[in-house]
Amino acid sequence: MIRNTVSGLPEIIDTEVKMYKDERNSFYSAYETGKIFCSSKSKISCAYKNALSEYRKFRSWQKNGNLDVELYQTGIAGEKFQGFSTTGEQDKKLKKNSEKQDCGLMGQNLRIALIGHVYNVYDSFVNMDLLKKLKNMGVQVETPEMYSRGELAKNTRVLRKRLFWNFGTTAMGYTLELLRRRDIDGIIYLMAFGCGIDSFICDLAERKIRNNSNIPFIVLTIDEHTGEAGLNTRLEAFVDMIRYKKAKGDGKISIASYAGAIQNYP
Amino acid sequence: MKVTFPHMGNTYICVKALLDDLNVDYIIPPYNNKKALEIGTRHAPELACLPLKINIGNFMEAYEKGADTILMAGGRGPCRFGYYGEMHNEILRDLGLDIEVINLEVPNSGYREFLKRVRRITGTVNIYKISKAILNATRVSVEADNLEKLCCRVRPREIKKGEVDRIFKDFMNGIGRVKGSKQILKHIGDTRRKLLNVRIDEKYEPLRVGIVGEIFTSIDWYANFNLEKKLGEMGVEADRAITTSGFIIEHMIKNVLHIPKDLRYAKAAEPFLRTAIGGHAQETIGNMVLYAENGYDGVIQIYPLTCMPEIVAESIIPAVQKKYNIPVLTLIIDEMTGESGYQTRLEAFVDLLNRRKELSKAEKRWAFSGN
Ligand code: SF4
Chain A
1 MIRNTVSGLP EIIDTEVKMY KDERNSFYSA YETGKIFCSS KSKISCAYKN ALSEYRKFRS
61 WQKNGNLDVE LYQTGIAGEK FQGFSTTGEQ DKKLKKNSEK QDCGLMGQNL RIALIGHVYN
121 VYDSFVNMDL LKKLKNMGVQ VETPEMYSRG ELAKNTRVLR KRLFWNFGTT AMGYTLELLR
181 RRDIDGIIYL MAFGCGIDSF ICDLAERKIR NNSNIPFIVL TIDEHTGEAG LNTRLEAFVD
241 MIRYKKAKGD GKISIASYAG AIQNYP
Chain B
1001 MKVTFPHMGN TYICVKALLD DLNVDYIIPP YNNKKALEIG TRHAPELACL PLKINIGNFM
1061 EAYEKGADTI LMAGGRGPCR FGYYGEMHNE ILRDLGLDIE VINLEVPNSG YREFLKRVRR
1121 ITGTVNIYKI SKAILNATRV SVEADNLEKL CCRVRPREIK KGEVDRIFKD FMNGIGRVKG
1181 SKQILKHIGD TRRKLLNVRI DEKYEPLRVG IVGEIFTSID WYANFNLEKK LGEMGVEADR
1241 AITTSGFIIE HMIKNVLHIP KDLRYAKAAE PFLRTAIGGH AQETIGNMVL YAENGYDGVI
1301 QIYPLTCMPE IVAESIIPAV QKKYNIPVLT LIIDEMTGES GYQTRLEAFV DLLNRRKELS
1361 KAEKRWAFSG N
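As they're listed, the protein sequences go chains A and B. Mapping of the first sequence onto the numbering used here: residues 1 to 266, in sequence order. Mapping of the second sequence onto the numbering used here: residues 1001 to 1371, in sequence order.
Excised from the complex, chain B in its bound form (with noise of 0.2 Å):
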């Protein structure tokens, strides 16, 4: 059995030390890219949301190298993503493919089925190995998004422009060579201590913007184009509120093991937004207070066409912007987004957020400038 899976930024390098630790065979698809948004836009319905675009094209790329089984979470939900594993599995077997989908999800069926599932996949229940792959595994996650962190703090400062891209990018082919959670972790610290050496200019004061919005277009980096990379480039520093480390142990450790969430988002939205009404619509107006509150220049909303739980929470963004008197941009992806026109309408975002800056530096300079 070769087993593969979607791709959504670094989750891949979490998947990829769970799978080595447990001694599964896999295939990781091509990093997202055209050729595979492609034939997801062939192949899934019109109006579907990007990510199960990309999914099918992720998956139809692997299954050309190999790959027989797919791995998917579920869940459900009003949001559309409860029902993606299905979708694909129909989507996939209508075009003949022999591949199956197997959904880690606890189904209606219960535990039974469940554990049947992971049996399937690993061979074993042995749940002392499961777990501490698991919890590697989420280690790695959170190191990862750390790094990617740190990325996003150094790239608007370094002297020497490009070096952080050039030291991410070897990060990223060397993921290819390592294996296990133990080299994996290794590698990433290898690459923060490099990260750590580039040369900064410390005086620099960038402006700072939160992420916020659906999870698979903020964090994935062929869908949003590079957000963080571009933003990082105009001297801006970015701050992703939802992460895959995040994820993972919000959604989904902490409601296996019933452990209170961390709900501040929810607190903070909860002006604006009293109920969780399926994907990340009250997460991304409760970041967006908290960035406010924490004095950040700007936030950046970003979410695929037709995305159920973003549209309502863009609505009530005016609302958030009267109050914190904080600049907002949208930005909706699917597969007819041209990169020119995203790069256009950052750079003036961008501008924008200088500008008020300035602004809001020369008051305080002269109380009495007038006009």
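Bound conformation, chain A alone (with noise of 0.2 Å):
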């Protein structure tokens, strides 16, 4: 696509990856990417198996509940973590917001599944900040990443035809673990306008849940047309309903004082 529209390019590495074949053939891949820029075989196995123990490691950092990936970059570089850069105008907003809350309701830590395209989740522009305004909202943000794609993929089993594409395999078998667990608040499928994998990926999931389930359930679509004000709105919508959904269940609270919360909502 790049090749055909964009004119006057340099010239464009597009290794085909055959992974659907057999798993093994990423190193082919690499092998042939790998020979454009040296001709030593060794020396491309080297750097092929130290990228993959890089994966491996980011992997399982990934499976510990770490979501940032620019924080785990900045692992690499060697800098000292300290907590979120809350630089935007915004997000120090938000943050003041969530401090002022005091009514017991923003105490409560809530657990929010997000399902999505990686380059969708983990993509702080594309996703407008999502995983940071989940964070400042006192939500803690589960992906299908904490699990291996295998375990997940053991889930799909029961469905009644194996799905071809491999994320619609984690996150279908993400769903079913979710609804096993029984432990989550609340799920977020963050859907790319016009996917075609996600329009079905997301109705299936949708149906699964709701058949199965009270979870609450929310789609956010982002395109390039996506304004952050909406986004905001119905987040924290979503996020207010699960809160006054829980403290409902727990007899903790009553309407009039989640009314009055809403109000100081920002």
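Hint data in this document are derived by calculation from the structure and do not stem from the laboratory.
Cβ-Cβ distance ranges computed for the label pairs, FRET-style:
hint	chain 1	residue 1	chain 2	residue 2	range
1	B	K1322	A	S148	45 to 53 Å
2	A	R56	B	I1259	39 to 47 Å
3	B	E1113	A	A51	35 to 43 Å
4	A	D123	B	L1263	37 to 45 Å
5	A	N50	B	G1341	53 to 61 Å
6	B	P1260	A	S148	37 to 45 Å
7	B	N1023	A	D123	56 to 64 Å
8	B	R1093	A	A237	27 to 35 Å
9	A	S124	B	K1322	35 to 43 Å
10	A	R59	B	G1123	48 to 56 Å
All C-beta atoms, glycine included, are put in the ideal place defined by N, C-alpha and C.
Could you use the hints to bring the two separately framed chains together as a complex?
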């Protein structure tokens, strides 16, 4: 696509990655790509091994529940981690507001699962800092990446037909896992507008969730026209709704005080 | 058991032949129509592709008429079609319909399960009987496609406008009255004879336009607003690259029997798109190149909104256009597409092609025509 739409590009390296047929193929693709840069086979395979071990390290780091990819990168650079750097004006405001809430609602930690393509979930530009926003609302976010792919794929065996897409398998496996665990407070599906796979998987997941549980579920669709304000509103409404539901379930809070809490909210 | 199946252009003719020959009870849903689309849009995921929506509409309309089993083709690949059957199943079940989807494909669990499914529908696993029926159905499909091709050739040349359409309408109405592949073939033969007898203007040289794109929208005359007919009425001879019979032969039969496929299009597409990325993207590009090489005046690409493979194909088209200097019109269909806007775009495109043709003729005649 890129080659045919943009003219005057430098050389494009587009080695075909045929992981579908054989997992080991990843090495051949790496080798093909490496040949462009250097001729020594041992050097390439050494580099490949390093990359692989780095990738494994990263995956295990993710499985421990870490989400901030940028943070991992700074970790590589050897810098010491000092918490989220909330530079943006918006973030500050959010933080202040969340501090202001003292009616016992914000205090509870919510666990919300976030499902979506990795390049939507972890790219803070694409999803408008969704992860940070949720964190600032006092939400603990979980993603499918906290499980190994094999585990999740196992879950999908109960489906009538195996899914072709890796992402689909992961997302559906994760949904089923969540339904089994039953300790999650809400599920957000981050959908890229127009993405064909998302449109199907999201619908399937939604049906599964709605039919088998009463876990709150929301679909956030993002594209190049998505306004940040609209996204915020929907997100806040969703989180509020969950808090309300939870509080009501616990019998700790009346609707009136909840309404008060909402008025204080940004 | 009353079987039903989704509509796609003339596909129902060959499925009818198949089920007739196998003595299966079936209900053909009403032709694709606005109501079917509306029903489908209401129940399918918003961003699903158009064929899925119309399918759902078909099924619900057939259900109202008493169908209880759905026949779907399946597959496994990057395009969403592979998961259509499952989607249908989920949607219809959540709607509380008592209808079952049977996917005619080789599932994960192997051929045993496949044969079981075949047995459930046909009540037999007699290979001889089944393969004979499939063979005949394929013949029907080839003939039906040829008939449509003939329509496209005659329509722009006919002297009394509307004659081809009248004959074709008779043909469609007649299908309901015949039964079994033999009778259907005869019916097609009769219609062909009628078409050949239509008086045509033999000197008229129509513009020639190739149609490429996603299979459902290019084949189904409701989804594409009767594109071929519209072009024919404007005096354009349309040729469609993708046909039902082509699909059946290339993708189903040859796949099962492991016969090498007809890969001319893949070779033609090679400089632009090297791998098959699912759906008909490679066909789209390849056939476009073939049309250009065969001296067609223009190409129309048609696909439903959010169709993944065709979006990729569309982004490659500029490169093809540049190399072969052939005009391409891309039509994207969804449930909101209005017919008049569509018609306007078509007319503008045909005007452009006409003008180009005149110009190139003029240039040949007057080599020094100056500015
Ligand atoms: S080819 Fe396009 S329209 Fe057809 S199933 Fe695939 S994505 Fe949908």
